[in-house]
Structures are given as structure tokens and as C-alpha cells.
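Q: Protein chains in written order, with this note's numbering: chain A, 1 to 274; chain B, 1 to 313; chain C, 1 to 264.
Keep in mind that the hints were calculated from the coordinates and are not lab data. Beta carbons are placed, not taken as given, at the ideal position from N, Cα and C, and that holds for glycine. Check the hints yourself; a few may be wrong.
Claimed, not checked - Listed next, the in silico DSSO-like pairs over lysine-lysine satisfying Cα-Cα at most 30 Å (straight line):
no., chain 1, residue 1, chain 2, residue 2
1, B, Lys86, B, Lys3
2, C, Lys223, B, Lys183
3, C, Lys113, B, Lys183
4, B, Lys82, B, Lys125
5, B, Lys90, B, Lys12
6, B, Lys12, B, Lys86
As the list claims (entries may be wrong) - Where chain A lies over chain C, by a calculated footprint (3+ residues, C-beta under 8 Å):
no., region
7, 110-124
8, 184-190
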Amino acid sequence: MSGNNLSFYLSFGVVLIYAAFALFAPIIAPFDPFMISGAPLASPDATHLLGTNDLAQDIFSRLIWGTRATLFLGIVGALISVTLGTVIGIVSGYYGGMVDEIIMRFLDVVMTIPFFPLLLVLTIFFRPGIYTSAVLMGILGSIQGVRIIRSQVLSLAVADFVVATKALGARGSYIMARHILPGILPLVGVKFVFSAQHFMLIGIGLGFLGMGDPGVVDWGQMINRASQNGGVILGLWWWLFPPGLAVTFLSLALAWFGYACEDRINPRIQMMRV
Amino acid sequence: MEKVLLDVRGLKVGFPTMDGQVKASDTVDLRIASRETLALLGETGSGKTVLGMAILRLLQPNTIIEGEIRFLDRDLLTIPEKDMRKMRGKEIAIVLQNSGTSLNPVYTVGTQIAEAISLHQGLKKPAALSRAVELLDAVRIPDPDRMAREYPHQFSGGMRERVLIALALACNPSFLIADEPTKGLDSVTRQQILDLFREINQDRAVLFITHDIDAAAALATRVAVMYAGEFAEIGPAAAVLGHPAHPYTRGLLASLPERGMRAIPGSAPSLITLPEGCRFSPRCTSVSERCTLEHPGLVRVGPGHYARCMLYD
Amino acid sequence: MIEVSDLRTSYSTGFLHRTEIRAVDGVSFEINSGETLGLVGESGCGKTTLGCSILRLVEPTSGQVVVNGTDITALSGRALRQFRSHMQMIFQDSYASLNPRFRIRESIAEPMKIHHMGDQSTIDRRVRELIEEVGLNEEHLNRRPYELSGGQNQRVVLARVLAIRPEFIVADEPTSALDVSVQAQILNLIRDLGQDYHMTCLYISHDLEVVRAMSDRVAVMLKGQIVEIGKTTEIFDHPSHPYTRMLVSASGHHMDEMAAESMR
């Protein structure tokens, strides 16, 4: 299993590096990302490792600062999504009956509305902002997760040991917290990782479409500006590509980490089924 | 004297695990004649299922197997895989344990039996399907024509067992291995399955692997009692089950509810760390010091009846 | 002590085309205090559903169950939950009956915690007592279910059930999945502890020999109804209902037949 461990730690390491960049951005970035720090549209040199954009801001600094928005959207969005999805999934799966029916039918209807367009519409409605986007993504994204979590809860809820604990006279809330929740945590954890990856990419998409938070440095917005303000025509690859590459690698690392987590929880699930 | 169909010599089967090697089968010798039913009686962890799977070479690739399994003048352990494949299902068939996973839920029962037939007899689909219906009838499934078009989940436990038997009989094998066919069945269904086996066992050699002592009494001509990877006792069914020689066999019979339900103290040893000397000695009520020092061999205690115990040495 | 009156439990399937399956179809019987009543029948006859219905683990559609004077079919919510400590169930699959993530000591302590039966040290002491009573020892307390055998897990389940000293136990095929020698150990344990704790028991099984060994009286169930009920010796020696007769004759007598043949 050492190959699997390698994937796990390596991918996690990459994610940590990005997190470090986000955390220590003020220290690592040579310039303030909004400050004019030289000639506009300059090519990379010793001071400006990736040159400057049309507003004479240092691209390299903006790249580093952009990590924050990306990670924030991904992590906070995933946190909200997973928490909401878990609560609804557990309640729906455990109680079953009418409660479950109502919730599931409601979700069925909502799920027919495509995620991204709905997100766009709501973002416009509530006005773009990093917190708004995170919350919206969390709420909309939770819907998908409910299904998976609920099915795991359904199979747990009929396990003999849950019935036995019910037979002991334990209350529903106790059983859900002590027996069901720990049973689905591995699944929830994996879901969290994949959701984070998903939301980061969506966040970039929003930024690209101009729905990003204007007060924050955002890779999506960077790509947008680069493509609109001459990056493509002038062939300024150092302006156009780095954000895209950065998000690609982060996304890959997270996906890789998610798969490594999945592999890890599997033997444990199998052992539990012995 | 019946012809010997299966001749197992010195079979050793081991599984490497993180904690050590699991010695599922330790130098087993076994002979089955062409019309006899040998019941392999043992509890969980005795190694009996492994023996059955080893004969068909259905164990995992990393299993360690030594010894000889002679069948029809060939050593099954040394023949090439493609020859082994021709044997499986045709000459030697196995009725696997009836878990819900033994039958493919996606195909109808008739299709699955027909597949077994086509694999070896090259019949075209319609011919194979009608033969499948015949087989379902032979295992006493009512309305076989309709049932052949149903899916496994629509069958009850007892009916699924019959389907597995039909699958095994598809090419009329000369040697049948049945692995726990009565497990999990209620008493009425179980009796029906035993009656069915009585019928089909007449025409072939059968290795009947079970922990159900009563089933062994019903069907077997000979009984081999397995404990911790080796035979504790082997002999004619009436002798082994009627006047058992080995303390373990005696203990097993005494623990039956209808015989007093006196339990054997302790539990079976792990197949990784086996006790010194006689493997049953930690639990034996007739134990002596010699038992813990020397490992007993099989000793003759009657005509064709052997026990692995110091009491008779 | 237990009085069941005209109990019925049905399942309905289908959304538009409702079909009703009457798993328990009008069952009435009594179990006296300290007695073990065996319940036999083939698979699908409703015996498991009956056991679950009596404990209200499955809601009966109609009928009444009175335990020691209390009508438990009329209880709800908190009162029902509190009453549950008087009646417990043992399932067939011992691995499934224990939370695989809990250590053994946690599983045994849990019932006492739920019913607030003392502080942590009292509970710990009782856990150690219980584990010895069921024939295991303290080193097993730190293990998890998958590290123990089926028989050992069933002992843990017993300890868990006994922790709150129930008066009534429903045992649903507790030894069907176990080997014969382990079964003997567990059945003896159930019998001994049942006497020590003076428990009333409903023993459900399809194995007639086991039921005969464990029960004072036996009820025979067919298609949701009890067709015969009486003392164990009576049922086995002189079965009156044709179905009972069929069950008794189908019960493996091959050992005796074989012995008889070899004598000739």
C-alpha cells in the first residue's frame, strides 16, 4: 500500500504549498497586488517575475494573492455544502417516511435547474462578493451531496446495531450523532475534498465571467482581463497562462488527494463489513 | 472395489498474510471413489472450504500449494490452466456456497445455466436453453419453463440452491463438490435439498463440505472430520458418527442440542499460530502430557477408520 | 407476564396499487414470568416480524401487548423509550449488532449511559463484571467487533443486553450463524444467565432441536398465525396440527436413522 500512501502525502503536500502561499501572501509577494509598480504590460524581468498587467500591477504578486480567493471559495463553499448536505442527508435518511419523501421530491425539482446558470443568476441578484459566492455555492452544491449521503445513511439506519440502540431506548438525535454520523464521516470527508476542488474551478469560472468580487484578487478575473485587454493579441503568455496553470495544478492535486482518500476509506469500510 | 477417482496426496495450502502464514491445509491425504459421497465435516476455520477450492484451483494466485491432486490420471496442480478450464464445470463441478452473490443478478437463471452448457458442449443458444429448462426440472423447480426466464432475486433461498445445483450438473460431471449447500436454509427446505442430493449423488463421486452433522449422516458413505487444517478422523459414516474415536468428534456430537448440548471448552486455534503437539490438545478432556509434545499421525481404529489421536497409538 | 392480544402487523407495498402483506395476522399468546417460549416456523412465516412487533421495533398495525401490567402498545415517545430498558432483543448477526467503530467496552457501557445508570466508575465496574459473566476477559474490552469471532461477539451482545437488566428478551436466531460447538456454548450461556437474571424469553428459531433444548413451551407459526402452542414435550411427542407434524418429521433425524441401520 505504499504507493497509495505516496499519492496521499504528495498530493496533500501540494495542497499545503498552495495554502502556504495563501497564508503568507503578504510576506511572499514582492508587491501589493493593487499597487502600480512599474510600467504597464512589461515583460518578465528580475523585479517583476511575471511582468505587469495593463494597470501596471505586478502579475506575480497578484498570482500569489489570488490563491487566497480561490482557496477561500473552495474551502468555505465546500464546508457549507458538506455540512448542509450531511444534516439534510442524515435527517432524511434516518427518519424516512414523509420527511424523506418531501425532502427528496423538493430536491428532485431543484436539481433539474442547472447549477452554474442558477449560480450566475443568484450572484447577479445578490451582487458579486466573495462571501456571497461562497454561501451560494455552498447552498446550491449541498443538494447533490444529499443524495449520496442519504443512501449511505439509509443502509446504516437499518443495520442491526442501530436498531439495537433504538431498542435500548436511545433517542433519534443521539443515534444520529453517535452512530450514524461517525459512520458516514469518511464519505463526507471525501466529498469535502471533491467539492472544494469543484468550487474552486467554479469560482474561477465566475471570475472569468466578470462575476467575481471586484475587491479581491481572483485568478478568474485575471484571466478575463488578460484575454480582454490585449493579452491574447499581444501574445503576453506570462499574463494569460499562469493563473490557468495555477488552478489546473491545484485542481489536479485536490482530485488526486480525493482519490487517495477514497482508497484509504475503502479497506476500512470493508473491514467494518466483516 | 470401486475405482478411485480423486487421490489427494500431501496437500498443503497456505495463505501469506501480514501476521504470518495461514496454514489452511496441512499435508492432507484423501481418496474418493467414483460412486461414493465423502462428507468433509468441519467448523469455521478448519480449512474445509479451502480444500474444495484447491481441487478446482480456484484459489488466489498468491496461495502456496504443495502436493498432488490426482484426478483421472492427471495431477491437477501441474496441468496447464487451459486444461484445468476444460475440467471445471465438465468433469469436476462445484456448488458454491449459496450467498446472494453466487448468481449474476443481471442475467436470467436460464441464461446462466445455458452459459455453463454452451461453454463445454458447444450447443447453440436455443438448444442450451432447452437443456437448461430440463435441468431446472431435474432439480425439482416447479414450472421450469417460466422460472428459467426469471432473475435470481425472484428465487427464494432454497430455490437458488437448486439453481446452483442445476448449474453444477449442467455437463453431468463425474465429480461434484458441494460447499455448504444447507447453510441458512430452514428445516423443511433443507430436507428437500438433502433429498435432491440423495438422488444426484448416486451417479457420481461427491465431496460434501459441511458443518451440518445431520446432513453428513443423511448423505455420506464416508466422513472426514477436519480440525485446524488436518483430518482428526476419517472413516465410514456409521463408524465416525456412530462410535467416534477422536475426542473432537465426540465433543462435536455431544454439543448437538439433541445430544445434551455439552459444549467443547475453548475455541479453535488460529491457523497462523498452531499449538505444539496435537492441535486439539488445549481443549481435549482426555489430554495427556504426550499430546502436547508429539504431533499424532492417523492411526487405524477400525476397518477403514482412522483417528489422529494419542489414545490409540 | 407478557400478554399478546390479536397482534397484527402488515406491510403495504406499491404506490398506486397498494398490496398488503400480513406478516403477523392476529396472534395472541402469553408468556409466564421466567419462562422461555420457543417460536418456530419456516422462513417467511412472520416470526421475526412478530418478535420485532412485540418490542415495537416495528410498529404493529393493531392489537395489544401488555408487559408486566403495562400496555406498551399505548406508550409513546419518552415513556416508550424509558420502558425499553425492560425488554431487549438479540439478533442473529452478531457482527451487525455492534457498531464496528466502537470498542467492546464502549458497546457494553452504552446502554447504561443512555439510561443514566450511574457515574463513570460505576459503569466501568459493571462492564468488567459483565464481560466476565459472559465468559470473556478484560483484554477483549479494548478490541473491536471485527477482531473477535462470531461467538465472541454474540457474548458481547449478551453483555450489552444484560447491562440494563431487562425482564424480557426476544432472541431472534442468535446462534443460527454459528458453528455447532460455539452454538452449544452460547446457548448454555443464554440459559444460565437467563436463570441468574430471572428473565422471560421469546426464543425464535427455525431449528427445532435448538428450540426443544431451550424452551419450556413452544408456539408454531405459519403464514402469520400461530397454529399450535403447548409444552415442549407435548409439541414434539404428540404434535396435533398437520403443519407441526410436518415440521417435526422434517427435523433432521438422520443420525438416529443411521444408527438404527448400522445395528442391523
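Q: Which hint numbers doesn't this structure obey?
A: 3, 8
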